[in-house]
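Visitor: Sequence:
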Amino acid sequence: MAFTFDSTQTEPLGIYKCPSCDYIVLNETFLIDDGDDFVVYSDGKRVSDNSDDYPMITRCEKCGNIFWMREDTLIAEIPWSRDIDEQYHHVQVAKPLNLLDLIQCIQTDYFNNEDEELYLRIRLMWRMNDRLRVQQPLYFTKLEKDMWYNNLLRFKEMLKFDDYNDRILLAEVERNSSNYNRSIELLDSLPYVDMIWLRDKYITQCRMKNPEVFRIM
Numbered sequence: 031m032a033f034t035f036d037s038t039q040t041e042p043l044g045i046y047k048c049p050s051c052d053y054i055v056l057n058e059t060f061l062i063d064d065g066d067d068f069v070v071y072s073d074g075k076r077v078s079d080n081s082d083d084y085p086m087i088t089r090c091e092k093c094g095n096i097f098w099m100r101e102d103t104l105i106a107e108i109p110w111s112r113d114i115d116e117q118y119h120h121v122q123v124a125k126p127l128n129l130l131d132l133i134q135c136i137q138t139d140y141f142n143n144e145d146e147e148l149y150l151r152i153r154l155m156w157r158m159n160d161r162l163r164v165q166q167p168l169y170f171t172k173l174e175k176d177m178w179y180n181n182l183l184r185f186k187e188m189l190k191f192d193d194y195n196d197r198i199l200l201a202e203v204e205r206n207s208s209n210y211n212r213s214i215e216l217l218d219s220l221p222y223v224d225m226i227w228l229r230d231k232y233i234t235q236c237r238m239k240n241p242e243v244f245r246i247m
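Once you know that position 81 of the sequence shown is 111 in our numbering, the rest is easy, because the numbers rise by one and skip nothing.
Each hint should be verified, as a subset may be incorrect.
Now the in silico label distances, taken between C-beta atoms and shown as ranges [unchecked claim]: (1) D102 x T138: 12 to 22 Å; (2) E146 x N240: 28 to 38 Å; (3) S78 x L173: 25 to 35 Å; (4) Y118 x V223: 46 to 56 Å; (5) P49 x N143: 33 to 43 Å; (6) V223 x P49: 17 to 27 Å; (7) V164 x N211: 24 to 34 Å.
Please keep in mind that the hints were generated in silico from the structure rather than gathered at the bench.
The beta-carbon is built from N, C-alpha and C at its ideal position, and this holds for glycine as well.
Build the full structure now, drawing on both the sequences and the hints.
Guide: Okay, structure coming up:
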């Protein structure tokens, strides 16, 4: 799914090797427990003091190579119930790509399938919206502005109406594009009664003609 409000995710820790220089990185897991304080935004990003979004792609700090952390670069997986082996105690922790890296990967089609492309495009949206979250402009250059609006257009091609999580993100994309009536149409089509509270928050922002990301909870 492209968009979800699930409050807990657990995955084993992954140990990966850079395919360019064999440098080892540790991929920490996104973990938010129900008891944690976290904030959810309209673009689907969840922010907590105790956790972060663990990346599927990173830049090697040793050689600078950007690589996907897939099965072909995986060395070992460590369940949360086990201690990390001593040999991995001091390895680099994989970091999410910065904005320029994300732009580079998208412009050069550095992905193998639509899931990976969607992953990059959602992170690009989050990275740029992070500026609004701290009261900065959404974009500073023509390149960033073009990437933002091209990203919105590509979302409209990729997101699936039949997936209600995708439909929420599609409504967000339409609102970001100032297509408020279309956004409301998509929100009104959501079939689940227990999502009315969520739908109404988006519709309120549409009626205010606010195209920017906002806090949901």
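Visitor: Each of the hints needs a verdict: does it hold here or not?
Guide: We went through each hint and held it up to the structure:
1. A C-beta distance of roughly 19 Å is found between D102 and T138, which places it inside the suggested range of 12 to 22 Å.
2. The given range of 28 to 38 Å is respected by E146 and N240, whose C-beta atoms sit roughly 31 Å from each other.
3. Taken as a hint, the range 25 to 35 Å holds for the pair S78 and L173, whose Cβ atoms sit roughly 31 Å apart.
4. Checked against the hint of 46 to 56 Å, the pair Y118 and V223 passes, with Cβ atoms roughly 47 Å apart.
5. Distance hint check for P49 and N143: the Cβ-Cβ separation is about 18 Å, which falls outside the suggested range of 33 to 43 Å.
6. For V223 and P49, the hinted distance range of 17 to 27 Å is not satisfied, since their beta carbons lie about 48 Å from each other.
7. As the Cβ distance of V164 to N211 is approximately 30 Å, the hint placing it in 24 to 34 Å holds.
Of the numbered hints stated above, those contradicted by the structure are hints 5 and 6, listed in ascending order.
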